[in-house]
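Novice: Single-letter residue listing:
Number of protein chains: 2
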Amino acid sequence: LDKDATRKGLGEVGERSIIEIIKRYLDVMPTMPIPFGDDVSAVAIEGEHVAVLKTDMLVGKTDVPDGMNLQHAARKAVVMNISDFAAKGVQPEALLVSLGLPRMISTKDVEEIAEGLNAGSREYDAYVVGGDTSEASDLVIAVSLYGTAQKSQLMLRSGAKAGDVVAVTGFFGKPAAGLRILSGECLVKQEFCELLLDSVLTPRARLKEGLALAASGTISSSIDSSDGLAWSLHELGTMSNVGFLIDRVPVAEEAKQFAENCGVDVFELVLHGGEEYELVVTVKPELWQEAEAAAESVGGRLLPIGKVTQEKRVFLKQNDEKRIIEPRGWEHFKSKP
Amino acid sequence: LDKDATRKGLGEVGERSIIEIIKRYLDVMPTMPIPFGDDVSAVAIEGEHVAVLKTDMLVGKTDVPDGMNLQHAARKAVVMNISDFAAKGVQPEALLVSLGLPRMISTKDVEEIAEGLNAGSREYDAYVVGGDTSEASDLVIAVSLYGTAQKSQLMLRSGAKAGDVVAVTGFFGKPAAGLRILSGECLVKQEFCELLLDSVLTPRARLKEGLALAASGTISSSIDSSDGLAWSLHELGTMSNVGFLIDRVPVAEEAKQFAENCGVDVFELVLHGGEEYELVVTVKPELWQEAEAAAESVGGRLLPIGKVTQEKRVFLKQNDEKRIIEPRGWEHFKSKP
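Just so you know, the sequences run in chain order V and L.
Using my numbering, the letters of the first sequence map in sequence onto residues 19 to 355.
Using my numbering, the letters of the second sequence map in sequence onto residues 19 to 355.
FYI, nobody ran anything at the bench for these hints, they're computed from the structure.
Among the hints, erroneous ones may be present.
Quick look at which bits of chain L chain V covers, simulated, 3 or more residues with Cβ under 8 angstroms [said to hold, decoys possible]:
#, stretch
1, 56–64
2, 108–114
3, 141–150
4, 162–169
5, 206–215
6, 277–285
Only some residues are given here: those of chain V computed to face chain L with a beta carbon under 8 angstroms [stated by the list, open to error]:
#, residue
7, Ile37
8, Thr73
9, Glu129
10, Val147
Predicted model, so just to flag it, every value in this text is computed and none were measured.
Ideal Cβ positions, reconstructed from N, Cα and C, are used throughout, including at glycine.
Taking the hints into account, I'd like the entire structure generated from these sequences.
Specialist: The following block contains the structure:
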């Protein structure tokens, strides 16, 4: 591997720049139904019918915090992929898993991984249909997902228009608090602790909500929030060529209490925490009630948090004060695990 | 990670047992068009139309020999997946790539990887349509492949019948010799050296041949040979419930010369070498000429190497002597890189 000091190392450039570099070298499929840069990829099958594809890799060192067992880790590898399908409104049908396993792990560990993979898939009505194992220095679980959809029903990152309502499917901040508990940064009382840890160890994709929202035809743009709410808003903004004015920050009550208890900035947890699996969507105001009803019809909810703006920046408005929400969250290579 | 000494480590059990352990924990998709254990997976789209899926991971430590640069490695990660599509007779359409990159590699290295991914894909008329990058301790390139096919045209591992001809698409042994040159085990004269190294650094999938053979409808079973000819025969035998009597070993002239030069057993190179990308197929005797013509129609060839037998073992017959060909080849965890 080239380590020439005159060239930039990946720690300096970050995951997003790496993806830009790679894209420069790729010939673009002429009939790609979803452009590069969205949560999933797609290939035309016939007419409006498209195959939807996604791959995302879980790596032991960066994605598996201390205190997370292998069954949790394997389930998480599945759920983080399904969350992207949820954001596009696509039912996952089949998973393939490419496993990189360190030589010193035991067959019992392999059983735990297999249990987690199966559990994560079956929760969302999908099946593992194949895969491959290799030896690797660190645990690597690369999941790839397959499903089909009607192209017109896909909820893309582009499509938000100034004036649209921006909304989320739940409250934020619990996983960021849970991660701090796992790393021993702060102790909280038992009942809280379990709930916050559960949000990290057993994340849940908003698939039901995503499918219902897509079917309702009310959504102008959509993204999941695995890199944090701030990043998701910035990504939606970039792909839709808009900005946001957030005036109701969706703070989870448990995150608020954790923040007060532990002297942490609650907005840091809520906006920049990452590991969140809520959907962030935009809706035309006149379709709001219909969108809300769609989410509620499957036991979910849709919380309005602000408006889409023409100005291409993301602002937080509180008590007549406006401050910028920075594009900051979890980023591979730049962030320290 | 669990390192309890009373449990077996992966080095003892090997890749194939690991896959068996995992399968025990997986719910099986009720309508799976291809059973577990074949080269690829499939999901029904509509009627006879199926989506074909495959994932395989290249890991720096075990799959990238010294002397192979990152562009070669990335191209190889693509080709080893396409080879499995070739063996089933399926045109790959789209690739997703999950990249695990060590933090110390440079942006120049990333460019090389991207070039290799694109080159490998375009050679076989496929496109990279998406992916993901993560930080990892070692280079990891997990490719997943998508294409579609008619179920009845898929060439599966099962289906060989006693009396069928077993044949291959080319001569074996060059990559095994090339790997020995890369590791500095033996020196050979320039012209040979380049050809043998090329077979390791720039492997080629037999996609044209695979597509033509599938279209001809003459093939009773098929597999690629990435783990070596011996393993491929044993796998075909197991999935088809048959054995083989091999009487014409497909030795590449260059491998023979290398073996003589360097005092290596040529059968070791040819049968157990691995990193080969020829197809191994079986054909009903009455369809032989048709199958041969199909391979030749795309500039390829089909070399008969023996017969399918009822006895479920793999024999090599030479000058009226019969010896067993052992199920031995490259296996992750058990084999030493």
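Novice: Now, for every hint given, state plainly whether the structure supports it.
Specialist: Hint check results:
1. 56–64: This one holds; 5 residues, not fewer than the three required, reach chain V with a Cβ under 8 angstroms.
2. 108–114: Contact hint for the stretch 108–114 of chain L vs chain V: holds, 3 residues under 8 angstroms.
3. 141–150: It holds, with 6 qualifying residues against the three required.
4. 162–169: holds (count 3)
5. 206–215: violated (count 0)
6. 277–285: Contact hint for the stretch 277–285 of chain L vs chain V: violated, 0 residues under 8 angstroms.
7. Ile37: Ile37 (chain V) check passes; min Cβ-Cβ to chain L is 6 angstroms, inside 8 angstroms.
8. Thr73: holds, 4 angstroms
9. Glu129: Constraint on Glu129 (chain V) satisfied, holds at 6 angstroms.
10. Val147: Because about 4 angstroms separates Val147 (chain V) from the closest Cβ in chain L, which is inside the 8 angstroms limit, the hint holds.
Violated hints for the displayed structure, listed by number in ascending order: 5, 6.
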